[in-house]
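Colleague: Line order of the protein sequences matches chains G and R. Using numbering that gives the first Met the number 0, you'd call the opening residue of the first sequence number 0 and step up by one each time. Using numbering that gives the first Met the number 0, you'd call the opening residue of the second sequence number 0 and step up by one each time.
Note that these hints are calculated values from the structure, not bench results. Nothing here was measured: the structure is a model prediction, and the numbers come from that model. Note that CB positions come from ideal geometry on N, CA and C, so glycine has one too. Misleading hints may appear alongside valid ones.
Claimed, not checked - Footprint (simulated), chain R over chain G, 3 or more residues, beta carbon under 8 Å: (1) 19-27; (2) 88-101; (3) 134-147; (4) 151-157; (5) 161-169; (6) 174-188.
Take a look at the letters that make up each chain.
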Amino acid sequence: MLAVIRSEGFRRGVRQGAPFAVAGFILAASFGILADEAGFSELAAILMSAIVFAGSAQFASVSIIAAGGGAGAAVAAASLMNSRFLPMSAAVGPSFSGGPLKRAAKGQAVVDASWAMSSRGDGSFDEQLLLGASTIAYVTWVTGTAVGAIWGDKLGDTDALGLDAIFPAFFLGLLLNELHSGRARGVAALGAVIAVALVPITPPGIPVLVASLASLMGLTRRARAELELRQEAEGAPR
Amino acid sequence: MNTAAVTIAGCCAITAAIKAAGPVALGGRELPTWFTSVVILLSPALLAALVATQAFAEGDSLGLDADTAGVAAGGLVYWRTQSIIACVILAAAVTAGVRAL
Numbered sequence: 000m001l002a003v004i005r006s007e008g009f010r011r012g013v014r015q016g017a018p019f020a021v022a023g024f025i026l027a028a029s030f031g032i033l034a035d036e037a038g039f040s041e042l043a044a045i046l047m048s049a050i051v052f053a054g055s056a057q058f059a060s061v062s063i064i065a066a067g068g069g070a071g072a073a074v075a076a077a078s079l080m081n082s083r084f085l086p087m088s089a090a091v092g093p094s095f096s097g098g099p100l101k102r103a104a105k106g107q108a109v110v111d112a113s114w115a116m117s118s119r120g121d122g123s124f125d126e127q128l129l130l131g132a133s134t135i136a137y138v139t140w141v142t143g144t145a146v147g148a149i150w151g152d153k154l155g156d157t158d159a160l161g162l163d164a165i166f167p168a169f170f171l172g173l174l175l176n177e178l179h180s181g182r183a184r185g186v187a188a189l190g191a192v193i194a195v196a197l198v199p200i201t202p203p204g205i206p207v208l209v210a211s212l213a214s215l216m217g218l219t220r221r222a223r224a225e226l227e228l229r230q231e232a233e234g235a236p237r
Numbered sequence: 000m001n002t003a004a005v006t007i008a009g010c011c012a013i014t015a016a017i018k019a020a021g022p023v024a025l026g027g028r029e030l031p032t033w034f035t036s037v038v039i040l041l042s043p044a045l046l047a048a049l050v051a052t053q054a055f056a057e058g059d060s061l062g063l064d065a066d067t068a069g070v071a072a073g074g075l076v077y078w079r080t081q082s083i084i085a086c087v088i089l090a091a092a093v094t095a096g097v098r099a100l
């Protein structure tokens, strides 16, 4: 573990992850405020960020409780939101070193920003960079939640402050980093259309999960041929 | 146990299991090109879906709202400046401004 922290990749992850971690702090503060409004104690809000560490799932479940829903519905929504980590963690799996337990532990560090950042673009991931970016994100996620949960009620009406726009804006920033090819732009547009079309007819979380099917555009012969060319050019074995 | 405790425990267990599944099942394995080719495109698909559902949906209804404008402004400033911090602050400010109108 110490060797990982000392590695160049880990430090690069911390540096590259820092701006996202600062934005994550603001996001986490808005989560702390929401949790407070949903009737969570300060400790419960902080604990949730510390042990769940998954922004969209936390927002989804706590919003349901704030709207009067029960724990069952809240956990179900969180699971659906987090279902995207299944393909994401499967993608990063081959890039993790160590035995099954160690890899399972490293899998806990997978969050959207560091996952997207550590992707090398050829299907492999920089493990140390991911761990570095997730570490700093974790610190600001938990402290931000604490600030929001403890002092958020001093802010007054949070809707009037536009805090609900922070979460989608954060993800839009991540998305813009990904749109470097025409195919990626096409997949993003398709994913957005699928998700929006499903919103009125499916429970929360399902639209995003089903939208991941847009990535099947990668199965076209052309997409695979381009990937093989790029891998050969980089001399990467995988 | 109260609602918060059950929610936290449930979310924690399920998130941990989901995040562990991929690395345990696929660790250290070489993957076929078709799999990799799909994986590369997962993140634009998922991120776009997250943004679209957050920006255009309120519960199960669709529509343009103050936060739609805020998110669009945030995206524009990120595209021009690459600053994620400016992006989220502007998104909140524009949303608040439109609501105040």
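Colleague: If a hint holds in the structure, say so; if it doesn't, say that too.
Modeller: Against the structure, the hints come out as follows:
For the stretch 19-27 of chain G, the stated coverage by chain R is satisfied: 5 residues place a CB nearer than 8 Å to a CB of that chain, which reaches the threshold of 3. Only when three residues or more bring their CB closer than 8 Å to a CB of chain R does the claim for the stretch 88-101 of chain G stand; here the count is 10, and the claim holds. Beta-carbon proximity to chain R at under 8 Å applies to 0 residues in the stretch 134-147 of chain G; the threshold of 3 is not reached and the given coverage is violated. By the rule of at least three residues with a Cβ nearer than 8 Å to a Cβ of chain R, the coverage given for the stretch 151-157 of chain G is violated, with 0 such residues.
Figure legend: the stretch 161-169 of chain G, annotated as covered by chain R; annotation consistent (9 residues with Cβ-Cβ distances under 8 Å, at least 3 required). Only residues whose C-beta sits within less than 8 Å of a C-beta in chain R count toward coverage, and the stretch 174-188 of chain G has 10 of them, enough to reach three; the restraint holds.
Violated hints, listed in ascending order, are 3, 4; each of the other numbered hints is respected by the structure.
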